[in-house]
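Enquirer: Start from the sequences, fold in the hints, and give me the full structure.
Residue strings, one per chain:
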Amino acid sequence: MKLKLLKTALIGAVTFTALASGYAQAHARWLMPSHTSLSGEKTHYVMIDASISNELFSPDKAYRPKEKGAEYDDNLLIALAPDGKPVEETIRAYYLKRKNSAAVSLTQDGTYHIAMQQKPMLMTFYKDKDGNRGRVFAGKKEADLPAGATEVRTVKSIATVDTFVSRNGTSKPTLLGQGLEISGPTHPNDLFAGEEAKFQLLMDGKPAADVELAIVRGSARYRNERNEVKVTTDKKGFFTVTFAHADMYLIEASVDQKPTEADIDNVRYSLFTTLEVAPE
Amino acid sequence: MKQAHLLVALLISCLFSPLSFAKDANLTVEFTLPELDVSPYHRPYVALWLETPERKHVTTIALWVEKAEWFKDLRQWWRKAGRSNDNFDGVTGATKRPGTYTIEWQGKDLKGNPVKPGSYLLNVEVVREEGGRDYTRVEIDLTKDGKVTIKGEKEFATSFVTITSH
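Residue numbers (my numbering), protein chains in the order written: chain A, 1 to 280; chain B, 1001 to 1166.
Take every hint as true, because none was put in to throw you off.
DSS-like, lysine-lysine: derived pairs with alpha carbons at most 25 Å apart: (1) A/K61 <-> A/K97; (2) A/K141 <-> A/K68; (3) B/K1067 <-> A/K42; (4) B/K1108 <-> B/K1056; (5) A/K119 <-> A/K61; (6) B/K1056 <-> A/K198; (7) A/K198 <-> A/K236; (8) A/K172 <-> B/K1056.
Calculated from the structure, these hints are not laboratory results.
Expert: So, in structure tokens, the structure goes:
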């Protein structure tokens, strides 16, 4: 009993710290492709699952479609084809409580860059008159805050949630051009256990220097520790990583930027890139 | 008449590339697919290829496959060679039953150009539907005669490559 109490207190403390630093530690968001490498001439479909969960890559929470009660969302995902253009065919992501699932048809040879639609999101944090902290998904002016709320802070969040799939040949993936994202020299669909990979972190298309990234292996449910590997980008945004095991991995990063708009206290960029590492 | 033409063509080709005739190294691979007591048994996809010591694909020596849809499961071959625009028709054959096969390589790349003498990595990859995947590589020196053992674990049995340097 005593132990349980202590645990609760500890969790409470952690939560408090996270909120006090302004922005609740975001949950991991990710895409999970059914395949990352496909061969053969016929049109291939790849299933893309999307979920919000810390237990990589077991789905926990799905993204609710914008329209209330809708069974699917046609605007959740985008796919940039090897020719650089967005796939025209509708990508219908079904809402399945714990995850969203969509089939994307691949007709071109090369690499598809698949991502969640990036729309900046506004979150307003506050403390009510009883001292309880809360969060509203709205800007400062639109937020329906309780009377007497203090410590009101608004964060603009720009998240990249993406992955890569190659059909037949690989090609240089088309950049999203906004938010955080990784680029070569190593191709994201050419990763093997035990080999060093080198990437460049970009922010709005420009090298992002001195940013710490966390590289987390999937199959998290079947081990006790998160075992994330931390790396920091150099002056030109490059970082290297040697994946010890074959698995799916999530590359996470977040960067805070000074806001240029009024009524916004912080701009937070975040990155969640799913990569597959093959066994040697 | 036709034969005379061929002879002339042959003579000309000798004149213009005399080295390719005399000096190309040969490889002879005695390659064994083991009998496996499994059901169902699907004949495996097999790839043998040469890489530089820096692990760049030089040429594919043998490719035993059926459907392109599963080429990607030869993961290493696929990344190094298969997903390029190279033409593998000359080295492609059907999948094979268990047994020992002799694979000959005459020292030419996929375009018919001689491969330079030197050290290479001979890569062997075997993958079987509803089975496993074995991948290994051995160093070979095309400038020295010799015989190298290629250790197989499960999907292929211990095999051998004989180098004739000329």
